[in-house]
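Trainee: Chains as they are written, first to last, in numbering that gives the first Met the number 0: chain A, 0 to 106; chain B, 0 to 106.
Since the hints were made in silico from the structure, they are not lab data.
The structure presented is a predicted model; accordingly, all values stated were derived computationally and were not measured.
A few of these clues could be false.
No copy is singled out in the list; a pair is fine if it fits within one copy or between any two copies.
Below, a list of computed lysine-lysine pairs in the DSSO-like style, where the Cα atoms sit at most 30 Å apart [claimed, not checked]:
hint, residue 1, residue 2
1, Lys30, Lys106
2, Lys95, Lys106
3, Lys106, Lys18
There are 2 protein chains.
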Amino acid sequence: MRVISYEEVEAKEVEEGSKIRIRWLNTGGSKNFAVRLFEIEPGGYSPHHSHSWEHEIFVLEGNGTVIGNEGAEAFSIGDMISIPSEETHQIKNTGKSSLKFLCIIPK
Amino acid sequence: MRVISYEEVEAKEVEEGSKIRIRWLNTGGSKNFAVRLFEIEPGGYSPHHSHSWEHEIFVLEGNGTVIGNEGAEAFSIGDMISIPSEETHQIKNTGKSSLKFLCIIPK
Numbered sequence: 000m001r002v003i004s005y006e007e008v009e010a011k012e013v014e015e016g017s018k019i020r021i022r023w024l025n026t027g028g029s030k031n032f033a034v035r036l037f038e039i040e041p042g043g044y045s046p047h048h049s050h051s052w053e054h055e056i057f058v059l060e061g062n063g064t065v066i067g068n069e070g071a072e073a074f075s076i077g078d079m080i081s082i083p084s085e086e087t088h089q090i091k092n093t094g095k096s097s098l099k100f101l102c103i104i105p106k
Numbered sequence: 000m001r002v003i004s005y006e007e008v009e010a011k012e013v014e015e016g017s018k019i020r021i022r023w024l025n026t027g028g029s030k031n032f033a034v035r036l037f038e039i040e041p042g043g044y045s046p047h048h049s050h051s052w053e054h055e056i057f058v059l060e061g062n063g064t065v066i067g068n069e070g071a072e073a074f075s076i077g078d079m080i081s082i083p084s085e086e087t088h089q090i091k092n093t094g095k096s097s098l099k100f101l102c103i104i105p106k
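Sequences are here, hints too, so could you generate the full structure?
Mentor: Encoded structure:
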């Protein structure tokens, strides 16, 4: 058993100047999924892209918009966003503070 | 893509009078993991048990104690608790408010 604050896990800039940081929270243990904590600064956004793995996202802090195949949808704290595999998607921080969410993916 | 508040997902009492409610947040989509949101009322606790699947837990609100093979450890908001498969464990709400956490398991 291990208990750590997410702040003890190293935050890595996704790309230089991208306004997005990622922490891989479960570095050991789980065989078939990974839990990542993302922080997107105001004005920041993820690439508009698709891939073979699905996302299950839980919003911890802040406000944003997610763009999927059927348009844009606003979200806020306590929302769960499910993005199926191969759906093109993008997440934007539309608020004035940091947007924080967990994003769980298969591995 | 789907965006819903966790509060829109039905909360089920784990056992009658157990002070624990569970919501299965990703009912569709993900093939190999499940995201559950637990709420334990003050004074409530999970069974002291073990099983073949691991837990990755992210604490959303409240305070508690987790008991594992090497004793008890306190936790609070923003903590990540990793419980390997087969480790006997128990979670207790030691605070005065509801304890809320996400618990991700393989499937």
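Trainee: Take the hints in turn and mark each one as holding or not.
Mentor: Status of each hint after checking the structure:
no.: 1; hint: Lys30 - Lys106; in the structure: both (7 Å within a copy, 11 Å between copies)
no.: 2; hint: Lys95 - Lys106; in the structure: neither (33 Å within a copy, 37 Å between copies)
no.: 3; hint: Lys106 - Lys18; in the structure: within (25 Å within a copy, 34 Å between copies)
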